[in-house]
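Colleague: Protein chains in written order, with this note's numbering: chain E, 0 to 131; chain C, 0 to 131; chain H, 0 to 131; chain U, 0 to 131.
Where hints are given, some of them may not hold.
Remember, identical chains collapse to one label, so a pair may be satisfied in a single copy or spanning two.
As the list claims (entries may be wrong) - Below 25 Å or equal to it, Euclidean Cα-Cα: the simulated PhoX-like pairs (lysine-lysine) are:
id : residue 1 : residue 2
1  : Lys120    : Lys49
2  : Lys117    : Lys127
3  : Lys59     : Lys90
4  : Lys117    : Lys74
5  : Lys9      : Lys49
6  : Lys117    : Lys70
7  : Lys90     : Lys101
8  : Lys9      : Lys70
9  : Lys128    : Lys9
10 : Lys74     : Lys9
11 : Lys86     : Lys2
12 : Lys117    : Lys90
13 : Lys70     : Lys101
14 : Lys74     : Lys59
15 : Lys86     : Lys49
If you're looking for bench data, these hints aren't it; they were derived computationally from the structure.
4 protein chains.
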Amino acid sequence: MKKEFIYNFKVYYEDTDAGGVVYYANYLKFLERARSEAIYSIGFSNLDLKRTNDVIIVVKSCNINYIRPAKFEDKLSVHSSIISISKASFKMNQIIIRQEEKITEAEVVLVAINSSGKPTKLPEELLKKFNS
Amino acid sequence: MKKEFIYNFKVYYEDTDAGGVVYYANYLKFLERARSEAIYSIGFSNLDLKRTNDVIIVVKSCNINYIRPAKFEDKLSVHSSIISISKASFKMNQIIIRQEEKITEAEVVLVAINSSGKPTKLPEELLKKFNS
Amino acid sequence: MKKEFIYNFKVYYEDTDAGGVVYYANYLKFLERARSEAIYSIGFSNLDLKRTNDVIIVVKSCNINYIRPAKFEDKLSVHSSIISISKASFKMNQIIIRQEEKITEAEVVLVAINSSGKPTKLPEELLKKFNS
Amino acid sequence: MKKEFIYNFKVYYEDTDAGGVVYYANYLKFLERARSEAIYSIGFSNLDLKRTNDVIIVVKSCNINYIRPAKFEDKLSVHSSIISISKASFKMNQIIIRQEEKITEAEVVLVAINSSGKPTKLPEELLKKFNS
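Bound conformation, chain E alone:
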């Protein structure tokens, strides 16, 4: 549960809006990229989970606080950690940071569904990796 995943990225024009800062919906893209990279880093991929296990991980809820605005050309990182986990879902804390400064903080609940959209169990091996 202590594992922290770090994903580094840059802010491009596409991410900003006429306010000169990152558009509020686009932070959720950064969070999702960071979660995908976390999945890759422990040897899985969204495509493999779907093909091999008929498991799709979807967002059930997202509670995000916008603390400071991120700006064009900023170099940011997402720090993600799992704060609770069950057989079919898990909760992550995801913080976006610019140098030492906290930009946003989110709690994201993710659940496993199958290709028919029904709740299903997370694969054992994934749970093991998350818990290790």
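Guided by the hints, dock chains C, H and U onto chain E, whose structure is given.
Modeller: Same frame as chain E, now just chains C, H and U:
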């Protein structure tokens, strides 16, 4: 406080992802469009607020629950209402609906800042309209 | 071939970038929305074409000229017309206009593929409608 | 003129659409990221150019051919080179590649404007770097 703003829209290709449903970050775009339309419907605009009052309304937090997936070509509506209001901020409840079915529900806190990024008061006339 | 399809829309925060104008990739979203609405207006839909005819219409090429920048809160319209058509593809001219002013102009080539990604014919009824 | 800039990236959920492939407008985001990285790689940045030289580089036209679809989780690279250059504009060829396979090819014309939106000259040092 009872006023409800309704914004109708359609789901286009741009809104969906490889899962065949609306990408989770894009619901926040729909919510923002609905808030902009609410502002227009009471005789204001984001540009006017900035030019005339040096007020920019930004999202402080967004707590969104994904209840059912919206799909390509869906006709949806956002039902928005103000649930609390102070001199410098307000909280909205925003529900996205497909026919009778609730798709997502969000609580969004918005605050007024000036062009230097400092907290400021919401214009009196806007508060009046919100409270009427 | 003379038929012109008109789609009206507004520019929201999501469409703009830190330059204060519409982000260059987002004009292609407007063009696609306009094409979808054109399809709806003649009694078809992308989902129906796929389900009934196993036809997906995809963009083969897009040649877009950016003439003037569109801005936040602009009210724009896309004027689309078919300039040539064959059994399996068609070319559209799509102009984005703000009042009398031309914002962008694009030539877009669209082709029909089936769900395996192979080129296929456009449905007869669709060709008839396009030619009427 | 021979210099080639290479930018590597991955396809995330945000980039795809309900067709299961990358949404056609999103390729333009990849091209823009690649151009920004090219600018960084020769010691400049969009923010510096604006602050120091009052120069903003904007897209005048984009002619893009979609050759093969890119898919979720693909690892792609953009190969960009300048094919012609004048005092106030330049043309780039940008190819998106998956392993050996060409996904898209685009010709993009970029022009320098100042903060009032008027055409201006590209900074000498930038031209030198482009020509070296």
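Colleague: What hints, given by number in increasing order, does this structure fail?
Modeller: Per hint list: zero violations.
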